[in-house]
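Listed below, chain by chain, are the residues.
Protein chains: 2
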Amino acid sequence: MSVAKTLDTQLNVFAEFHPKLPPSAVSVPYLFLANIHPSLQWNVLDQVRSPRLVVLDTMNLWIRNNLEEVKRLLRRVDGIIINDQEVRMLTGETNLIRAGRAVLALGPRMVVLKKGEHGALVFHGDEVVPLPAFPLTNVVDPTGAGDSFAGGFMGYLASRGHRLTTGLLRRAVAHGVITSSFCCEDFSLERLKTVTKGEFGARYEAYRRLLRV
Amino acid sequence: MSVAKTLDTQLNVFAEFHPKLPPSAVSVPYLFLANIHPSLQWNVLDQVRSPRLVVLDTMNLWIRNNLEEVKRLLRRVDGIIINDQEVRMLTGETNLIRAGRAVLALGPRMVVLKKGEHGALVFHGDEVVPLPAFPLTNVVDPTGAGDSFAGGFMGYLASRGHRLTTGLLRRAVAHGVITSSFCCEDFSLERLKTVTKGEFGARYEAYRRLLRV
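So the protein sequences, as listed, match chains V and P.
Take the first sequence: its position 189, counting from 1, is numbered 189 in our numbering, and each next residue is one higher.
Take the second sequence: its position 38, counting from 1, is numbered 1038 in our numbering, and each next residue is one higher.
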């Protein structure tokens, strides 16, 4: 379950979607542009008034069919969250360390490279931080793991992100890792609906301890 | 370069090899049974007088052709170092966390599961510790990465291993990770021949810092 294979993509209602943000959303300081056609992401970004931090998500479909639009966006955002397959497609690099650095060269000041069960790599300036996934015996359904990772990551930055340092990014990624680990433990959002702040904190603390070498 | 493909194996001089340990070797406290035919490993183990810790290495060839001998050895050793492909072959489990636990059930009290560029998982009792690889931009040659990993791991245990705890194993694996990272930076043993204690310590410290979340 560690490699996603796209058999077919039907945009359905998103094919003719033209998002218009409600007034409450136009002044958000932390903006996550979830995966959708890059021209729609551009359009949403245009509607938000001077966000403090903008992070992009994308997918193989847009990298293949709308590469220039994805690259144009990369020059306008602070960071991108991207998986191993996508980053190889975007940069043509097989070595993931080189691939992550190649994305930095396209514009953003940070790259979070997700590797599923193998965790993530964070690129920020010259620094590369590898973080493992939280070890799970029962992966019930990885659907939504990427979005819940992004939610944990952005949520942490929004609560603590006064200044973007590598240490802050590292902890934000760790929050993404723990959030997505709960996501995978059941179908859909079932586990995320029941997880308590105490359970989250206990697992985060266990993860910290595991990494103390 | 993260997946090894065996095209052919010629045992050559090892086909008729019957190792006879010199007196200096029969009383080593820390014994690493490097990869060779399991009957030779068994024979070497027989020659060593009450070693304090015995760790096994093996490979796909013996798991395929001499499975019972490998399993017999597993009941007699303290630990095994095994990679992701081999552990799936040995246990039939795809999920690496389940696979590592399945190896524990075969006898040893610790399993170090190597995942190449994705680091390693350590299994000890109920604990599972994930540790990433040290991020390298230039992987020149991964040949010998497994053996140098084992060397760093065993060397650390031999210098500190009074009592086998999960914390000790975690740090031993971290020493294996750093040793093998130097190995990959040049062909053969070239980089390991030049690395200084200071360079090793600096990289270990950098690795520790990277994991502080």
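Note that these hints are calculated values from the structure, not bench results.
Careful: at least some of the hints might be erroneous.
Stated by the list, open to error - Here are the computed distance ranges between Cβ atoms for each label pair:
{"id": "1", "chain 1": "V", "residue 1": "F187", "chain 2": "P", "residue 2": "R1075", "range": "51 to 59 Å"}
{"id": "2", "chain 1": "P", "residue 1": "E1190", "chain 2": "V", "residue 2": "G92", "range": "35 to 43 Å"}
{"id": "3", "chain 1": "P", "residue 1": "T1094", "chain 2": "V", "residue 2": "R160", "range": "43 to 51 Å"}
{"id": "4", "chain 1": "V", "residue 1": "L45", "chain 2": "P", "residue 2": "T1094", "range": "26 to 34 Å"}
{"id": "5", "chain 1": "V", "residue 1": "G198", "chain 2": "P", "residue 2": "R1075", "range": "39 to 47 Å"}
{"id": "6", "chain 1": "P", "residue 1": "T1094", "chain 2": "V", "residue 2": "L21", "range": "29 to 37 Å"}
{"id": "7", "chain 1": "V", "residue 1": "D126", "chain 2": "P", "residue 2": "G1092", "range": "41 to 49 Å"}
{"id": "8", "chain 1": "V", "residue 1": "K5", "chain 2": "P", "residue 2": "R1098", "range": "19 to 27 Å"}
{"id": "9", "chain 1": "P", "residue 1": "T1094", "chain 2": "V", "residue 2": "F200", "range": "24 to 32 Å"}
{"id": "10", "chain 1": "P", "residue 1": "D1046", "chain 2": "V", "residue 2": "G167", "range": "28 to 36 Å"}
{"id": "11", "chain 1": "V", "residue 1": "R160", "chain 2": "P", "residue 2": "N1043", "range": "53 to 61 Å"}
{"id": "12", "chain 1": "V", "residue 1": "G107", "chain 2": "P", "residue 2": "L1040", "range": "31 to 39 Å"}
What the hints assert, rightly or not - Listed below are several chain V residues computed to face chain P (Cβ distance under 10 Å; list not exhaustive):
{"id": "13", "residue": "L21"}
{"id": "14", "residue": "L40"}
{"id": "15", "residue": "V44"}
{"id": "16", "residue": "L45"}
{"id": "17", "residue": "V48"}
{"id": "18", "residue": "L136"}
{"id": "19", "residue": "R171"}
{"id": "20", "residue": "V177"}
{"id": "21", "residue": "R212"}
Predicted, not measured: the structure shown is a model, and the values here were computed from it.
Note that CB positions come from ideal geometry on N, CA and C, so glycine has one too.
A quick look at each hint next to the structure:
no. : hint                            : result
1   : F187(V) to R1075(P): 51 to 59 Å : 39 Å, violated
2   : E1190(P) to G92(V): 35 to 43 Å  : 29 Å, violated
3   : T1094(P) to R160(V): 43 to 51 Å : 37 Å, violated
4   : L45(V) to T1094(P): 26 to 34 Å  : 40 Å, violated
5   : G198(V) to R1075(P): 39 to 47 Å : 41 Å, holds
6   : T1094(P) to L21(V): 29 to 37 Å  : 43 Å, violated
7   : D126(V) to G1092(P): 41 to 49 Å : 43 Å, holds
8   : K5(V) to R1098(P): 19 to 27 Å   : 22 Å, holds
9   : T1094(P) to F200(V): 24 to 32 Å : 28 Å, holds
10  : D1046(P) to G167(V): 28 to 36 Å : 52 Å, violated
11  : R160(V) to N1043(P): 53 to 61 Å : 58 Å, holds
12  : G107(V) to L1040(P): 31 to 39 Å : 56 Å, violated
13  : L21                             : 33 Å, violated
14  : L40                             : 34 Å, violated
15  : V44                             : 31 Å, violated
16  : L45                             : 30 Å, violated
17  : V48                             : 29 Å, violated
18  : L136                            : 6 Å, holds
19  : R171                            : 5 Å, holds
20  : V177                            : 9 Å, holds
21  : R212                            : 7 Å, holds
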